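> For chain A, the structure is supplied; the task is to place chain B on it using the hints.
Protein chains in written order, with the working numbering: chain A, 51 to 161; chain B, 158 to 272.
The hints are simulated quantities; they were obtained by calculation from the structure and are not laboratory data.
Treat each hint with caution, since some may be false.
[What the hints assert, rightly or not] Ranges of calculated distance between the beta carbons of each label pair, as one might list FRET restraints:
#1 D195/B to Y63/A: 49 to 57 Å
#2 P115/A to R201/B: 24 to 32 Å
#3 S224/B to P126/A: 42 to 50 Å
#4 E172/B to N107/A: 28 to 36 Å
#5 Q66/A to E172/B: 26 to 34 Å
#6 P161/A to T177/B: 37 to 45 Å
#7 N76/A to K214/B: 18 to 26 Å
#8 S91/A to L272/B: 18 to 26 Å
[Said to hold, decoys possible] So these bits of chain B aren't anywhere near chain A, every CB distance computed over 12 Å:
#9 F169
#10 E172
#11 N185
#12 G199
#13 E229
#14 K240
#15 N241
#16 P260
#17 H262
#18 D265
#19 R268
Only a predicted model underlies this, so the values are computations on that prediction, with no experimental measurement involved.
Built from N, CA and C at the ideal position, the CB exists for glycine as well.
Chain residues, written in single-letter form:
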Amino acid sequence: LAKTTQPISMDSYEGQEVNITCSHNNIATNDYITWYQQFPSQGPRFIIQGYKTKVTNEVASLFIPADRKSSTLSLPRVSLSDTAVYYCLVGDLTGANNLFFGTGTRLTVIP
Amino acid sequence: DGGITQSPKYLFRKEGQNVTLSCEQNLNHDAMYWYRQDPGQGLRLIYYSQIVNDFQKGDIAEGYSVSREKKESFPLTVTSAQKNPTAFYLCASSITTTGVGQPQHFGDGTRLSIL
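Bound conformation, chain A alone (with noise of 0.2 Å):
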């Protein structure tokens, strides 16, 4: 089960880009990095996914290097409503196990 790493929290000021790295050293081949954003008393929202290089919605960017080991969630231009607790999941997808939710990085936008 591949674990991973991402800074407790942040603090960015409004309309701002913010990059939140997570580190996913035994990442496996088959393995995608997915990300979801978490709001107090709701449960946690799919934001994006991708397998390498880089993958774009209309809500956010995912960055993976070559080696995969790290990804980074871009966010642009940040608004108030982006506080939140964002998760970087690990896994295959091929069983619910595979799926650990670290404590997050909680961003904190400031106006």
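Quick look at chain B alone, frame taken from chain A:
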């Protein structure tokens, strides 16, 4: 609107009682999951089910039980054997547990407290 509904949002239990948390989904997903989240912590897997009438233990199944009699429903019972049941419980579903791009969709949770 398709989604996952957990009820109740808040639940109180007396010591020694069993309580059942409801989880219903109308996404036509095969797989369903139960997680527990303690304050400031990540999610820990309790049970999961890949198909009707089948389920497997997760990392912390002791003191919990589940059933999966219908595709859309996956209730969790917190038994009196669970010595520290106070937590935030999250239910999730996914199309299957296999394959690419099968993110889990979560409900908004049930917060269980002991009186």
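> Out of the numbered hints, which ones does the structure contradict?
Hints 1, 4, 5, 12, 16, 17, 18, 19 are the ones this structure does not satisfy, whereas the remaining hints hold.
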